Structure formats: structure tokens, C-alpha cells
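2 protein chains.
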Amino acid sequence: MTTFDAQQLAAESWFQSLRTRICAAFETLEDEGAHLPALPNAPDAPGRFVYTPWDRTDHSGAPGGGGRMGVMKGRIFEKVGVNTSTVFGEFNPEFAKGIPGAAEDPRFFATGISLVAHMANPQVPAVHMNTRFLVTTKRWFGGGADLNPALPRDDDTAAFKAAFKASCDRHGPEHWDRYSKWCDEYFFVPHRNRMRGVGGIFYDWLNVESDADFDANFAFTRDVGETFLAAFPAIVRARMGLPWTAEDRLALLRYRGLYAEYNLVYDRGTTFGLKTGGNVDAILMSLPPEARWD
Amino acid sequence: MTTFDAQQLAAESWFQSLRTRICAAFETLEDEGAHLPALPNAPDAPGRFVYTPWDRTDHSGAPGGGGRMGVMKGRIFEKVGVNTSTVFGEFNPEFAKGIPGAAEDPRFFATGISLVAHMANPQVPAVHMNTRFLVTTKRWFGGGADLNPALPRDDDTAAFKAAFKASCDRHGPEHWDRYSKWCDEYFFVPHRNRMRGVGGIFYDWLNVESDADFDANFAFTRDVGETFLAAFPAIVRARMGLPWTAEDRLALLRYRGLYAEYNLVYDRGTTFGLKTGGNVDAILMSLPPEARWD
Chain A
1 MTTFDAQQLA
11 AESWFQSLRT
21 RICAAFETLE
31 DEGAHLPALP
41 NAPDAPGRFV
51 YTPWDRTDHS
61 GAPGGGGRMG
71 VMKGRIFEKV
81 GVNTSTVFGE
91 FNPEFAKGIP
101 GAAEDPRFFA
111 TGISLVAHMA
121 NPQVPAVHMN
131 TRFLVTTKRW
141 FGGGADLNPA
151 LPRDDDTAAF
161 KAAFKASCDR
171 HGPEHWDRYS
181 KWCDEYFFVP
191 HRNRMRGVGG
201 IFYDWLNVES
211 DADFDANFAF
221 TRDVGETFLA
231 AFPAIVRARM
241 GLPWTAEDRL
251 ALLRYRGLYA
261 EYNLVYDRGT
271 TFGLKTGGNV
281 DAILMSLPPE
291 ARWD
Chain B
295 MTTFDAQQLA
305 AESWFQSLRT
315 RICAAFETLE
325 DEGAHLPALP
335 NAPDAPGRFV
345 YTPWDRTDHS
355 GAPGGGGRMG
365 VMKGRIFEKV
375 GVNTSTVFGE
385 FNPEFAKGIP
395 GAAEDPRFFA
405 TGISLVAHMA
415 NPQVPAVHMN
425 TRFLVTTKRW
435 FGGGADLNPA
445 LPRDDDTAAF
455 KAAFKASCDR
465 HGPEHWDRYS
475 KWCDEYFFVP
485 HRNRMRGVGG
495 IFYDWLNVES
505 DADFDANFAF
515 TRDVGETFLA
525 AFPAIVRARM
535 GLPWTAEDRL
545 ALLRYRGLYA
555 EYNLVYDRGT
565 TFGLKTGGNV
575 DAILMSLPPE
585 ARWD
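If you read the protein sequences in the order shown, they are chains A and B. Heads up: the first sequence at position 291 corresponds to 291 in our numbering, and the numbers run straight through without jumps. Heads up: the second sequence at position 215 corresponds to 509 in our numbering, and the numbers run straight through without jumps.
By construction, these hints were calculated from the structure, which means they are not laboratory data. You may find that some hints are simply not true.
[What the hints assert, rightly or not] Pair ranges (Cβ atoms, derived):
1. A:Phe272 to B:Asp575: 27 to 35 Å
2. A:Pro243 to B:Ala318: 53 to 61 Å
3. B:Asp588 to A:Asn92: 42 to 50 Å
4. A:Ala158 to B:Trp499: 50 to 58 Å
5. A:Gly61 to B:Pro347: 50 to 58 Å
6. B:Leu330 to A:Pro93: 50 to 58 Å
7. B:Ala397 to A:Ala10: 47 to 55 Å
8. B:Gln310 to A:Pro63: 52 to 60 Å
9. A:Leu36 to B:Ser307: 53 to 61 Å
10. A:Arg192 to B:Ala300: 53 to 61 Å
11. B:Asp588 to A:Asp204: 26 to 34 Å
12. B:Asp575 to A:Thr3: 32 to 40 Å
13. A:Leu36 to B:Ala356: 52 to 60 Å
Since we're looking at a predicted model, the values are computed, not measured. Positions of the beta carbon are idealized from the N, C-alpha and C atoms, including for glycine.
Model the full assembly from the supplied sequences, consistent with the hints where possible.
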């Protein structure tokens, strides 16, 4: 029998409640933009999330938790996925080597939220956000959020970064420097010699070795979620009514090619998930609804 | 100074002449289909190949050969790339470990042709073909061709396989069994639990340890090229006039998503090339002009 402790339950519960609030905020944007022109294949009515649960069988053959995939194909959000999952079991030995605290004991627990939004209007940036709590013989939080515009606007980039800088500054004097740089490095696409997006934050291995650590790192992770929830919808609201041209759309589709390349070639979560039998639909919800390489 | 021997020159010359004949055959198909309805963004006139040379700097910093990328964006061929390259230098030590004959001496030479065709009409299968001659302290031929229809037709699959079976049978009693199975295994997409395409042939490490080996394996590799040149245009010619629906096009775009996934996640040539600084445009010419994940 698997039992969860108070830290695990608190983290899971937070990720699920954040999901619910983010999805509600995104559906509100669909309502607010109902009068705006939409893509030819968009639905007539404002989009709504469709939630699909999935179960996981562990490497060991035992039940291994699962998740809930939320997908909305709307008029403002061409395709957005918001997934929550809580998985547990034993890492396979090969993978365990690379995970802090798993070499000694392969058992693990992971709970988190993962979000990628691809927007219909090329003037609205795509976005990625993911936060998670991992437990092996060690425990840690990780996560991040980055803005991925096809047509970058300095004011959106500045607003997004300012929000996360303020969030970081509430939790530590070096957080912003460290985690904004980590984001730029992590989301770099070597074969294109460029960043995937325009930045944000990325952090990992925020170790929990005491109750005080848990409180501090969980508070930071919650703040990242709150910051995303405040910052991204504001950008969407400001941009979703802007006119765009066929050329802008083409630029968007080509940019999404780069986005797909990054996720399929480099993203650790994607490639690990695909190669080790994760839930394919949930893993690949990050891929763009439409992309071009031409 | 780099010098090539007679085997290297003969192989390079074959790959280049095969390229020229294939491109001519594809341009003829564009002419023959000039009256057919085309995609909205297709050119008004039949497509023609545009050739772009590229140079390679070796891992060691020295000149390392290069290639010629041929791309046609036409009315029948939505996007087709036919690349030839002749590259040489020293493998980096990490990569050399995995290459026959390179652990002892990292110097290498490789010449080959690589082709991927994405067709406008969903009734016409996409196709991949690649043959190559490698030289380290060992020498070998490798290659393959496989059919990648979004809407598989048994008769096309049978015709394509029959042609390569006949070709294999001219060179060895076990060639077809062995190389058709290898194709099915190599182009398997584990996370989708399916083959990328419907089959063909794949072979590698056809060792050249004598002049007789070279003659036999080069003859087989030439036959693979000739067989492709006879078989694929015949399929295109038979199918390019068939009507198709918006639903067929959608099936094609979704199938191309799978094709891109395979090439970016699993294809050894693509991922190695991207991660080690190959010519990005030439490597990624295999990606579809348009794809959907929705």
C-alpha cells in the first residue's frame, strides 16, 4: 500500500488547485475574446477545458499513480494543455543513477503541474510553466516558466520578467539572477544557436532537508504559480485583440517548428517520458497544434 | 592534404549522378502534373530544385568537406530534399567509440545521398531514401528506403516492396528477409507503438574487406538507388491525380507529426547531426513542410 505524507499531500493539493484556477482564468479569456475574429477551424463558442484522467503502471508492474490531462482548443487559445500528475513507484535502475537520492533506493514520488499554451493570434506569446515536488531518499522542488513569442515584444518580455523578478525577490536575494540565467541556459537550442523563447525562470533541486526548507521552497513554488496566474493572462488580455497578417501567422507556424524541435530533441521531460513509456498524450500535449518547416 | 582513393571517388560519383537523375525524374513529375489542382500556397509553375552548397569544418578545425542540398517546393512535391555530401576529418572521441573501426583511429570519410519527399496530395505516400559509403579503418556501405503514406494503400506498399525484393534477390538469397525486417525494426516508433511507415529496406555495415566485397556491395547499393528511381515515381504518377478531401489533408498533417517525432526523437542521423554541429538546414530538410498535433 502506498501512503503519502503531509508534504506530499500539501504539494499535490496545491498543484491541483492552481490548475483549477489557471483553467478558469483561461476560460474567462475565451469568454472575453468571444467577439474577436478566430481561425477558420476554431470553434464557434468560447473554448472550454476537457479533462482526461490517465493511470500509470510502474516500471515494477504495480499501480504507479497517474494524472489528469486538461486540454482546451478554443478561439484565443488555439491549443493549451494543463496537466497535473502524481506518480510513484520505482525508477528503473538505469534512470535512477541520474536522480538525486535514487541510486541508494529507487523508490520515488513526484507530483506537479505542467502547462503549455499555443495561442491563435501570433501577437500573443506562447507560454510554458511547470512546477513539481520530487521525493526519493531526498526531496526537492523544481519548476519554471518562460515566454515563447513568435513575434517578440519588448514590453511583454519586460512585464513577464518583472513579475517573476518580484516573485524571486520576495524569497531570496539571488533567486532572480540565478533562476533567470538558468532559464536562458536550459531553453537554449544549440542547433539554432538561439534561445527557444525570451526568458523567464527555471529552478531545480531546491532541497528539502527540514520543515523550514519545505515551507520556504513550497512558498516560493506557490509564488511562481501565483505570479504566472497574474502575469500571463494580463499579457493575453492586452494582445489578443491586435490585428495580425497572414505573414504573422506564417512566422508563428515557423517559430512553432523550432518549439517542437526543442521539445522533441532536448527537453529532458519529453524525451525521458517518451523513451520510458510515460503517457504519450500527456507528454506530447506541449507540441503545437500546427507547425511549418518550409 | 586530403586525397580520395578510387573506391571513395567511385561511390561519391555514383551518389551525385543518382541525385541528378532522381531530381530530373521528380521535375518531370512536376511537369506531368502541371494541370492538377494544387495547394493554395503552391507555386503557379511546376517546381524546380534549388541547390545550395554547404561546407563543413571538421571537429579538428580543419576543412571537412561539405555537400549540396537540393530542395524543391512544387505542386506535386510539397517539399522534397535531395542532399549529397562528402565529409571527412576526425570523429570526436566520444562519437568514435560507437563507430566500427574508429576507436583505433578517429579519421573518417563518408559520402552519400539522402532524400525525403513530402507530397502535396495525401493520396501519394511520402518517402525516404538514403545510401552511403563509410571509411574508417574499416569500410562499409549502408542505406535504405521506406514508404511513408498517411493513407496506406496495399497496392502501393506491395509494389514498393516487390521492387526492393527483386533488387535484393539479385544480390543474395537472404538480403530481402534480413533488410526488410531491419527496416521494420529501425523505423519503429516506440512511444506510438507503431512503424513510422509501411516498410521497405534498411541495411548497414556491408563490409568492404576486398575488391570483390566493394564490387558486390557497391553493386547492391547502386541497385537500391536504381530501384528507388524506378519504383517511387511510378507510384507518384499513379496517385497524384486522385481527388482528396480536407479530411485526408488533416490525416496527412497529423501523420507528418508522427514523422517529425520519429526524426527528432529517434533518428540517429538527425539527433547526432543536431547535437554535433552538422549543417542544420541539410539535416532538417527531412521535416515536413506542415504538420499538426491537435
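Hint check:
1. A:Phe272 to B:Asp575: 27 to 35 Å: The hinted range 27 to 35 Å holds for A:Phe272 and B:Asp575, with Cβ atoms some 28 Å apart.
2. A:Pro243 to B:Ala318: 53 to 61 Å: For A:Pro243 and B:Ala318 the Cβ distance comes to about 45 Å; the hint is violated.
3. B:Asp588 to A:Asn92: 42 to 50 Å: Distance hint for B:Asp588, A:Asn92 is violated at roughly 32 Å.
4. A:Ala158 to B:Trp499: 50 to 58 Å: holds (55 Å)
5. A:Gly61 to B:Pro347: 50 to 58 Å: Check passed, 54 Å falls within 50 to 58 Å.
6. B:Leu330 to A:Pro93: 50 to 58 Å: For B:Leu330 and A:Pro93 the Cβ distance comes to about 56 Å; the hint holds.
7. B:Ala397 to A:Ala10: 47 to 55 Å: Holds: the Cβ-Cβ distance is about 52 Å, inside 47 to 55 Å.
8. B:Gln310 to A:Pro63: 52 to 60 Å: Roughly 58 Å apart at Cβ, these two residues keep to the hinted range, so it holds.
9. A:Leu36 to B:Ser307: 53 to 61 Å: holds (59 Å)
10. A:Arg192 to B:Ala300: 53 to 61 Å: Since the Cβ atoms of A:Arg192 and B:Ala300 sit about 40 Å apart, the hinted range of 53 to 61 Å is violated.
11. B:Asp588 to A:Asp204: 26 to 34 Å: The hinted range 26 to 34 Å holds for B:Asp588 and A:Asp204, with Cβ atoms some 31 Å apart.
12. B:Asp575 to A:Thr3: 32 to 40 Å: Cβ of B:Asp575 to Cβ of A:Thr3: about 54 Å, so the range 32 to 40 Å is violated.
13. A:Leu36 to B:Ala356: 52 to 60 Å: holds (57 Å)
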